[in-house]
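Please construct the entire structure, taking both the sequences and the accompanying hints into account.
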Amino acid sequence: MLEAKDTVDFYWDPVWPWCWITSRWMLDVGLQKDIHINWKFFSLKLINKGREVKEDKKILHEIGHKALRVSAAVRREFGNDGAGEIYTALGVSYHHEQEDIDEPSVLEEILQTCGFPTKLAVAAAEEIWDNDITADMDQAITKAGTDVGVPLIVLHGGKGPGFFGPVMSPAPTGREAVKFWDGIIAAGSTPGFFELKRTREVGPLFGERPKTKS
Numbered sequence: 108m109l110e111a112k113d114t115v116d117f118y119w120d121p122v123w124p125w126c127w128i129t130s131r132w133m134l135d136v137g138l139q140k141d142i143h144i145n146w147k148f149f150s151l152k153l154i155n156k157g158r159e160v161k162e163d164k165k166i167l168h169e170i171g172h173k174a175l176r177v178s179a180a181v182r183r184e185f186g187n188d189g190a191g192e193i194y195t196a197l198g199v200s201y202h203h204e205q206e207d208i209d210e211p212s213v214l215e216e217i218l219q220t221c222g223f224p225t226k227l228a229v230a231a232a233e234e235i236w237d238n239d240i241t242a243d244m245d246q247a248i249t250k251a252g253t254d255v256g257v258p259l260i261v262l263h264g265g266k267g268p269g270f271f272g273p274v275m276s277p278a279p280t281g282r283e284a285v286k287f288w289d290g291i292i293a294a295g296s297t298p299g300f301f302e303l304k305r306t307r308e309v310g311p312l313f314g315e316r317p318k319t320k321s
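Each number in the numbering used here comes from the position in the sequence shown (counting from 1) with 107 added on.
Source of the hints: derived by calculation from the structure; they are not laboratory data.
It is possible that part of the hints are untrue.
What the hints assert, rightly or not - Okay, derived cross-link-like pairs now, EDC-like style, lysine to aspartate or glutamate, Cα gap no bigger than 20 Å in a straight line:
#1 266 with 237
#2 165 with 113
#3 320 with 188
#4 156 with 289
#5 226 with 289
#6 165 with 234
#7 164 with 210
#8 304 with 237
#9 164 with 135
Okay, structure coming up:
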């Protein structure tokens with residue numbers, strides 16, 4: 108079990124609903140167990156490069172990748188807390204309000220909501236930010252391999268074991284969230300353990316809309 112004030116690297120792509128659900132659970136657990144979260148980027152577009160992907164998923168991955176570029180620009184200027192804030196704002200806009208975060212005006216509005224300069228929206232079209240994204244992904248792949256997506260967690264500030272998941276709908280909250288976390292950590296920290304899975308019977312259930320700065 109993780110001790111208080113430990114650190115977890117949490118990898119995300121803003122458009123993936125299952126990752127969004129897990130990220131809100133991770134925040135709940137982090138507050139209760141005093142775990143610091145490092146917000147790391149993971150592009151579904153890049154991890155699936157060269158693979159056969161349906162056209163609708165390609166479009167989705169492209170939207171997420173552009174938003175990650177903006178998030179990388181935010182993190183460069185405002186640090187890890189800024190990355191966490193922009194993820195929350197992007198997730199609320201995309202998953203709860205169903206807004207088109209591919210639109211520059213929407214990205215500008217999201218940045219403004221967080222108190223960040225709206226000029227950072229131009230990063231969506233700037234390939235230079237892919238360096239920051241791939242650097243994060245390289246760390247994740249080293250820990251969890253290439254046959255993964257998001258959510259992806261690496262324990263102990265990136266020094267511990269890493270794993271894809273957990274995927275859930277809806278996420279447990281309160282004491283149940285911590286109980287589930289402790290079980291996940293016990294499994295994810297066990298050498299030789301690779302997979303635990305069952306048929307997904309429901310779509311993404313997001314729960315209550317998270318609060319943003321506005």
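Now for the hints, and whether the structure bears them out:
1. 266 with 237: Distance ~23 Å between residue 266 and residue 237 Cα, so the pair is violated.
2. 165 with 113: At roughly 36 Å apart (the allowed maximum being 20 Å), residue 113 and residue 165 break the hint.
3. 320 with 188: Judged against 20 Å, a Cα distance of about 13 Å means the pair holds.
4. 156 with 289: At roughly 34 Å apart (the allowed maximum being 20 Å), residue 289 and residue 156 break the hint.
5. 226 with 289: violated, 42 Å
6. 165 with 234: holds, 18 Å
7. 164 with 210: holds, 18 Å
8. 304 with 237: violated, 32 Å
9. 164 with 135: Answer violated: residue 164 to residue 135 is near 29 Å, above 20 Å.
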